[in-house]
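Given the coordinates of chain V, assemble chain Y with the ligands onto it according to the supplied hints.
Here's the letter readout for the chains.
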Amino acid sequence: MNASIALVGQPNVGKSVIFHRLTGRYVNVANYPGTTIEVSRGLSRAQPGVEVLDTPGVLTLPARSEDEQATARILLNEKLRALVQVGDAKNLRRTVQLALLLAEAGVPMVLALNMMDEAKARGMAFDPARLAVELGLAVVPTVATGNEGMTALARAIADARVPVFRLTYADPIEAAIDDLALLLPIAHLSPRVVALLYLAGDRATEEWLAAQGTDLFALAARRERLQDEFTEPLAEVLQRARITAAEAIVHRVVKDAGSVGHGFVQRLGQWSVHRTWGWPLLALVLYGVYAFVGQFGAKYLVDLLEKQLFEGVINPWFHALVTTWIPWHWLQDFLVGPYGLWTMGMTYALALILPIVTTFFIAFGILEDSGYFARLSVLSNRAFKTLGLNGRAVLPMVLGLGCVTMATLTTRILHTPRERLIVTFLLALAIPCSAQLGVVMGMLASYGTGAFLIWLGVVIGVLFTVGWLSGKLVKGKRIPLMTELPPMRLPVAGNVAKKTWSRLKWYLEEVIPLFLIGAALMFVLDRLGFLPWLIQAGEPLVTGWLGLPKEASAALLMGFLRRDFGATGLFALGSALSPEQGLVGLVTLTIFVPCIASTLMIIKEQGLKTAAIMTGLIIPLAFLIGGLLHRALLFVGFA
Amino acid sequence: MTTKTLRDFPPGARLIVRGFQSTLAPDLRGHLSAWGLTPGTPITLLAQKPVTRISVEHAELALEDVIAAAVLVDTAKEPAPA
Ligand SMILES: Nc1nc2c(ncn2[C@@H]2O[C@H](COP(=O)(O)OP(=O)(O)O)[C@@H](O)[C@H]2O)c(=O)[nH]1
Ligand SMILES: [Mg+2]
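These protein sequence lines are chains V and Y, in that order.
Sequential numbering from 1 applies to the first sequence in my numbering.
Sequential numbering from 1001 applies to the second sequence in my numbering.
If we strip away everything but chain V, and leave its shape as in the complex, we get (with noise of 0.2 Å):
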């Protein structure tokens, strides 16, 4: 195998937007640290056939979370020719604190120092040349969302060095790191770097030294023995001596530390976290998104495309080429039906979701790259204290509110495992996704807003409700948050783009089939008359507890294939409804199961056990709430 060249460094520090310039690949960019969860991988435009990874962040090595283990990962097990830390320029001590460990591996290695811009704007000034002397390796300013220092960058790349560089801890660890180098196997990486991961405990290192059939025992000796003659623990022994280093050249390199930003973006990051002037700030930023994907693209563009396109063009042109060239009568109504894999499937899929997917994916993608999430962190830290977690989860929360299969993916960013299954269970529960909400919010509407505020009033309740249980009985301690506020940037038109475009393209790949797999499902259960069935056995429970239609089986059952699926079942049986039926059966189905590709990644991300105890939590939940909706509604009278 070729070797290949690694990007690693701190998170948020411009990695990824390095990683497209270099190989023209895509990956996700977010003003947020945490959003590349996984290595990428992608082929160098200068280098032919020499392969660039792209790592999620590490802060610090040894790592702290999963996501951050990746990078030790792929220094032990990767052959590199080059390995590229890029750096945040601004914040240069902690860029150095790395650097001086990475420095050490014995493979060639290339800083870039990125964000320049940012540090010039706060006025800091320094020498990257200074820099460089004094690490032994070559230093470059990069801008990389201006496409500043590229050249030079892949310049220095090919002509990476092993540095010059050695830093010197105390007689003890020098005595300790010569004696583990004895025991340890062969690496790509020097053995000094390895025994220095080693002695500070890094979770990666050791598993790929078991990996390598090493003899554990005695290096856990030689590890004990040295941590005898510290009262702190060894990884904290070995930051501080890099941390002092690191100051000492900051010190020497650094002309002019600069203040902190005072630009019109600043001062809003600053109101956007204010005590006060938050909250205002947060409900127009609400207002803002309510208005672009409920009003323009659940109102305006669905009804532009549905009505307009396929209802007034499309579908008729469509239906008069089936029924005029396919003599088969099963084979029509399989096409355009009523469950047809046109017309339920593809209409509903490209006229329906789309563009309520594609306004959520815009708006989230500008507050994601204006670095807004994770102000929004801070004033939500309360709300989700709650819940015994802490105001990180606002993320992957609101990114639910679009896809909550792309949401439990990215739970992978909190930092316990307690964090992830509650958030990954909440979301199952209660979190309806941008599909669903679009179906669920027409519906509503032709009830009132008494009805729209008796679903969220009902959701919301659930959600706090099963979230304080859970927080109570999951075990494990809640960590108070503690978190990185990047700067606020203005978002780039670009970026906003990319991000949105890749997003739409996972979605549309994954829901496309689904939505055709549920639709020719749907035609071979009506067919083979287990539907009708299905509308018989479910009555008691559908029509007995939940006082709905008895057709309504019908609907719940497509909300196992898709929430918003389940939900547009109920929109077709239209005024088979009353508007107290509408809102039992829309509150039933946003708590019910989620879609199956959710359900898929579930399992793959917590395992089977815990995919089938949450199902089958949800959902007797999911009937017990809209039962007991069904009785309350009754009770008051709403009619």
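If you are wondering where the hints come from, they were derived from the structure by calculation, not from laboratory data.
Each residue gets a CB set at the ideal place from its N, CA and C atoms; glycine is no exception.
Incorrect hints may have been included.
[Said to hold, decoys possible] Straight-line Cα separation of at most 30 Å, DSBU-like style, residue types lysine-lysine; simulated pairs:
| hint | chain 1 | residue 1 | chain 2 | residue 2 |
| --- | --- | --- | --- | --- |
| 1 | V | Lys120 | V | Lys498 |
| 2 | Y | Lys1049 | V | Lys385 |
| 3 | V | Lys477 | Y | Lys1077 |
| 4 | Y | Lys1004 | V | Lys385 |
| 5 | V | Lys472 | Y | Lys1077 |
[To be verified] Which residues of chain Y face chain V? A few of them, derived with a C-beta cut under 8 Å, are:
| hint | residue |
| --- | --- |
| 6 | Gly1030 |
| 7 | Ser1033 |
| 8 | Trp1035 |
| 9 | Arg1053 |
| 10 | Leu1063 |
Showing chain Y with the ligands alone in chain V's frame:
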């Protein structure tokens, strides 16, 4: 030895990190030092509500009260007036 913490100062204060309360869990402490909160580091306190916010170098951190209360700090000496 100082016993003042991040919670004891008003927004705008310029402070020096002195250390951590021994009650702070080692992994949380490791996280803070990875962000640059190590003894001797100068920081600026930006706000106390809804959560404590500080700036370190050119980075901004948000810390919930229990964590802020575990960070020991001192006022930074103002440069003598000329
Ligand atoms: N001002 C400025 N912003 C940048 C620069 N490079 C990246 N960004 C922005 O920084 C954020 C993080 O970028 P990303 O590539 O996702 O960082 P990663 O986490 O290291 O992969 C995004 O909002 C980028 O648009 C730069 O040189 N200057
Ligand atoms: Mg990235």
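Hint check:
1. V:Lys120 / V:Lys498: holds (27 Å)
2. Y:Lys1049 / V:Lys385: Satisfied, since the Cα-Cα distance of roughly 15 Å is no more than 30 Å.
3. V:Lys477 / Y:Lys1077: Roughly 38 Å between the alpha carbons, so the hint for Lys477 (chain V) and Lys1077 (chain Y) is violated.
4. Y:Lys1004 / V:Lys385: holds (26 Å)
5. V:Lys472 / Y:Lys1077: Roughly 45 Å separates the two Cα atoms, so the pair is violated.
6. Gly1030: holds (6 Å)
7. Ser1033: Status holds, d = 6 Å.
8. Trp1035: Holds: closest Cβ of chain V sits about 7 Å from Trp1035 (chain Y), inside 8 Å.
9. Arg1053: Holds. Min distance 7 Å.
10. Leu1063: holds (6 Å)
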